[in-house]
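Asks: Read off the chains here:
There are 6 protein chains.
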Amino acid sequence: MANGVIMLCFLVLTFSGHYMVVASDPKPLQDFCVADLTSSARVNGVPCKDPSLAQANDFSFSGLHISGNTSNAVGSKVTPVGVTQLPGLNTLGISLVRIDYAPWGLNPPHTHPRATEIITVLEGSLLVGFVTSNPDNRLISKILYKGDVFVFPIGLVHFQQNVGNVNAVAIAGLSSQNPGVITIANTVFGSNPSIANDLLAKAFQVDKTIIDQIQGMF
Amino acid sequence: MANGVIMLCFLVLTFSGHYMVVASDPKPLQDFCVADLTSSARVNGVPCKDPSLAQANDFSFSGLHISGNTSNAVGSKVTPVGVTQLPGLNTLGISLVRIDYAPWGLNPPHTHPRATEIITVLEGSLLVGFVTSNPDNRLISKILYKGDVFVFPIGLVHFQQNVGNVNAVAIAGLSSQNPGVITIANTVFGSNPSIANDLLAKAFQVDKTIIDQIQGMF
Amino acid sequence: MANGVIMLCFLVLTFSGHYMVVASDPKPLQDFCVADLTSSARVNGVPCKDPSLAQANDFSFSGLHISGNTSNAVGSKVTPVGVTQLPGLNTLGISLVRIDYAPWGLNPPHTHPRATEIITVLEGSLLVGFVTSNPDNRLISKILYKGDVFVFPIGLVHFQQNVGNVNAVAIAGLSSQNPGVITIANTVFGSNPSIANDLLAKAFQVDKTIIDQIQGMF
Amino acid sequence: MANGVIMLCFLVLTFSGHYMVVASDPKPLQDFCVADLTSSARVNGVPCKDPSLAQANDFSFSGLHISGNTSNAVGSKVTPVGVTQLPGLNTLGISLVRIDYAPWGLNPPHTHPRATEIITVLEGSLLVGFVTSNPDNRLISKILYKGDVFVFPIGLVHFQQNVGNVNAVAIAGLSSQNPGVITIANTVFGSNPSIANDLLAKAFQVDKTIIDQIQGMF
Amino acid sequence: MANGVIMLCFLVLTFSGHYMVVASDPKPLQDFCVADLTSSARVNGVPCKDPSLAQANDFSFSGLHISGNTSNAVGSKVTPVGVTQLPGLNTLGISLVRIDYAPWGLNPPHTHPRATEIITVLEGSLLVGFVTSNPDNRLISKILYKGDVFVFPIGLVHFQQNVGNVNAVAIAGLSSQNPGVITIANTVFGSNPSIANDLLAKAFQVDKTIIDQIQGMF
Amino acid sequence: MANGVIMLCFLVLTFSGHYMVVASDPKPLQDFCVADLTSSARVNGVPCKDPSLAQANDFSFSGLHISGNTSNAVGSKVTPVGVTQLPGLNTLGISLVRIDYAPWGLNPPHTHPRATEIITVLEGSLLVGFVTSNPDNRLISKILYKGDVFVFPIGLVHFQQNVGNVNAVAIAGLSSQNPGVITIANTVFGSNPSIANDLLAKAFQVDKTIIDQIQGMF
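Protein chains in written order, with my numbering: chain A, 39 to 256; chain B, 39 to 256; chain C, 39 to 256; chain D, 39 to 256; chain E, 39 to 256; chain F, 39 to 256.
One should not assume that every hint holds.
In this list, chains with the same sequence are indistinguishable; a pair is considered to hold if it fits within one copy or across any two.
With a cut-off of at most 25 Å between alpha-carbon atoms, the simulated SDA-like pairs for lysine to any residue come out as follows [said to hold, decoys possible]:
#	residue 1	residue 2
1	Lys246	Ala234
2	Lys246	Val204
3	Lys180	Phe256
4	Lys180	Gln123
5	Lys180	Asn203
6	Lys180	Asp236
7	Lys246	Asn203
8	Lys246	Asp74
9	Lys246	Ser105
10	Lys180	Asn230
11	Lys246	Ser77
12	Lys246	Ile181
13	Lys246	Ser232
14	Lys180	Ser163
15	Lys180	Asp74
16	Lys180	Leu165
17	Lys246	Ala111
These are calculated hints, taken from the structure and not from any lab test.
Construct the entire structure; sequences and hints are all you get.
Replies: Dropping the structure here:
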């Protein structure tokens, strides 16, 4: 097994910070409603293909065994399998994601506005945590090893960090076909257009120059 | 009317950063289920009182005309009316909140994990905004004046800032009996225990000393 | 403050009996789904605009500070802010409403088939009440003053009456983007076409002549 | 068959005006959650029995073939089979009801705050109708004969009247374990305590003496 | 009454094994959304007609008093009234079904993936049952007589068999506009294309020749 | 990588036929509601622990890297991580499962009454398929290889079979905290007590002796 672990570690890669996973969607009203990603009609979710034209490929996706490229600032990479990648997920309220972490790589603090996430570690060791809402803002965290499972409740800020010298890999399910990802740093300091630096300086209780410095990174 | 505005402005006060508002909850299975806040039983939501003992007071709350105390670091104060304050809201999926803003006071960037928020300005002028999820992180913002209404979709980061020299007041509805509030600064930099400074330094792409400085404020 | 109150009282106005408020809708499957009110496609709710074309104005509405005209038979007026007025509310399950009451003005008994309502009094004093379902038909009522909050559970018959000699104003949140309003008098005695007078005579246990008289008013 | 019809007509009976039918409840989290009607605990819906003690009788009810007694003011009688009568319905979001109508008997205008109703006529002929919400208040009605099916959308005011000289019988499904019934006449004119007669006089645009007369009947 | 029963028994007929009934659907966002069955647009559920064009006939269906033809292999016939037959049911989460059983006729083991079912016996006597999920696979069954009601929880395998020498008739409500029917025998042994016989032989622990024999019947 | 694959293949094991996965549950009304598995109170889902006593361990589970024992009749084994194994999942609508398959091992045809399932292959190659509901009973199937992802819509009959000479491993997410598993063979032929053999003979169109033979295996 040690060899197996080592071999797999070479697969581990780079960062992105956003991913699409598993969320609790509206109840389906037919066996399935395969997303017609070519439709110009826009509804809550995605319009469906004619069900008689649905094929096995509409319900499948390939490539989740391929490590993501973690050569980026945070050293992690998320590969999503949501309704965009797997159209058969439309209306079904779930998605999957693979996350790769370089040694000490970080999936930085973020929330999913539309999903709870359940994660399991395939390789490596991860420090994971989430923070409860106001007023407690309690950090609940733990180091996970291969085979451990952890849950991040819907909407709460959470993160994972590789705390080992080898690559790490995780798989997660999310309770939405399109959970959404809000990476705190990118959203608050890297929005387009920017949030005014004096507003952020007041929010974070620091000088505007520090805000400018952080905003410059995103 | 100008006098009226000025009088009301004296009501405007101080900060907190958390509030409980209106969210979309499980469908009720009876006319009402008044929260029995004294019960030791714990369920999703709150156990109910015997409905034959329900009184008009169980469905009411007093004091939303009283300005919150904004003498705090951010110059705003939220007064919630959720299931804790108004037990008749239990299972009904909605709540209200009053927000007071000192001149230039800020209700800092935050999310509600369980609610969309609809806000209306009673007095003053507010810069409001929300940021879309990854990868766009688009800031959608606008200055609101008395009588304007704005919506912050569920789970997205949003804020309001008083952009006038007088106090401002707003009322908001939220789609949960207990929407939850995640103030970004408090959650990320002021959790208990703290998130490690090197993790946050990597997430925000700054030196640990800056993280230490921000963490010292919360 | 007394001046402030007096000034605001001049804002209070007239009737309509229907309003659109806040209700618990299907879970959103994307950050937002701004209603495309020009679309001819018809679905549950409203089709969406291309999200890349969404603007801040799609999430806002102006004019809730303007008193409604209460010069009508019941002396009240509801100003709704639902998905029709504020397209950004689509799929988000909430709306707001302003209600103006002339002295002794009445928002007559009605139900919202798709929403719970939470109301707060901005000015004046209101007798509010709701009636439980069969077999108890219990009236739960209370006089509300400025700053009081009250909840009307989804689907139950409720009303508000100004019990003061000055105008009154209230703001309410409702748990639907389109809660619907069923004013009992208009629905039962003023439908188009009319419900047969002998049917209503039997239902209300009165002579048909009385039914004819009431129907003549609507 | 004519004989069969005639025989069944003798089964038709008397009135009540309230019934419990089929509604769309929270999603079940286990195979079933049989209502423990003896529990003093109170939650949304009803606490469950130990599932290992559930018996076939918990999922059944007897007597829906027995005609209700229609010897009452409106000449109809509803026999409900909701969670109170059939505890296995708890959390499952549906119920049934039998309605008997004397000749010209009326199930008077009412709403179900928590359910859509689908009705089928077993014997006789019924005028049925529902009224849309404001501002249209459109009456949609039809005479139903044996074997006809009709739907009353959730929350809308609706009624059925026997328009034949023989008894009539119907069965209906409702989308809640406890749909609730709000009979307009009983709720508005027969609440306990009463709604003030001057308030109702204004709502229905008639003299208080007429309100007093109607209130005297309930 | 005996005559009545006998007369009705002649109505009882033949089989199909699939039916569409009552299920818990997404919350409606307007009074109704009559299915536009001619639309080529495809969404979760069905697009709606212009509500101003809705007619009473859109909310009705005729013919549920007509016995189904039970001259088939299993001796039963289901007549569905779902959104396909009654377009006004769209978004309302409920449907009805009539089931006819020849003497000893069987509505064979099946599931509804999207609905709980509540059944009542109009004529005859039925052995009904459902089986709980793994690991108990407990059979809960009972013989029902005229006027008895029984509930089959969502997703569980269930069946009904006429255990009398005369025809039987039942009416059932289901908590979906389109509950779906999965007849076990047809699905497992009669799919198109077939499931491989060696796979089924392993699943059912029998020789492939027996699988071939069963597959030959469907 | 080949070594890695080979090493992991030794992990693959035995059967069970039931597993608990990810389903779309009622919306949470607080940050989390950790299941109090020691409580004697019974509600839809599970009562909660005092949230102030929640610990990181309540949100975690260990051992999903351990291969299940596939030494059984069908050559597969499911290891569930649902609310029973990971109490923090309560009210959050998702779960995970690991499935091990011996060479040619089968996870036999089954349904999840309360969840859609999304599966990914970690090692080996799997023939997977699901069958649509009546009347089409269309088999949609595909061979999956390492890194492939597939979705089984809620309530539909589905299966996986290892089509290689080495062990296979998969991870799946399911849209419920307690999705339930209905293995067709066990439920129909192995219920307790048994379904009568003549009933099953009619349902499957075979002699009772064949039913007896199959029932003898379960």
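Asks: Now, for every hint given, state plainly whether the structure supports it.
Replies: Checked hints:
1. Lys246 / Ala234: both (9 Å within a copy, 23 Å between copies)
2. Lys246 / Val204: between (38 Å within a copy, 24 Å between copies)
3. Lys180 / Phe256: between (29 Å within a copy, 23 Å between copies)
4. Lys180 / Gln123: between (31 Å within a copy, 17 Å between copies)
5. Lys180 / Asn203: within (18 Å within a copy, 38 Å between copies)
6. Lys180 / Asp236: Classified as between: cross-chain Cα gap 17 Å, same-chain 36 Å, threshold 25 Å.
7. Lys246 / Asn203: between (36 Å within a copy, 21 Å between copies)
8. Lys246 / Asp74: neither (46 Å within a copy, 40 Å between copies)
9. Lys246 / Ser105: neither (39 Å within a copy, 30 Å between copies)
10. Lys180 / Asn230: between (34 Å within a copy, 14 Å between copies)
11. Lys246 / Ser77: Neither way: Lys246 and Ser77 sit 45 Å apart in one copy and 45 Å across, limit 25 Å.
12. Lys246 / Ile181: between (35 Å within a copy, 22 Å between copies)
13. Lys246 / Ser232: both (13 Å within a copy, 23 Å between copies)
14. Lys180 / Ser163: Within. Shortest intra-copy distance 10 Å satisfies the 25 Å Cα cut-off; inter-copy 34 Å does not.
15. Lys180 / Asp74: between (41 Å within a copy, 21 Å between copies)
16. Lys180 / Leu165: Classified as within; 6 Å inside a copy, 37 Å across copies.
17. Lys246 / Ala111: both (23 Å within a copy, 15 Å between copies)
Consistency with the previously given hints fails for numbers 8, 9 and 11, ordered from lowest to highest.
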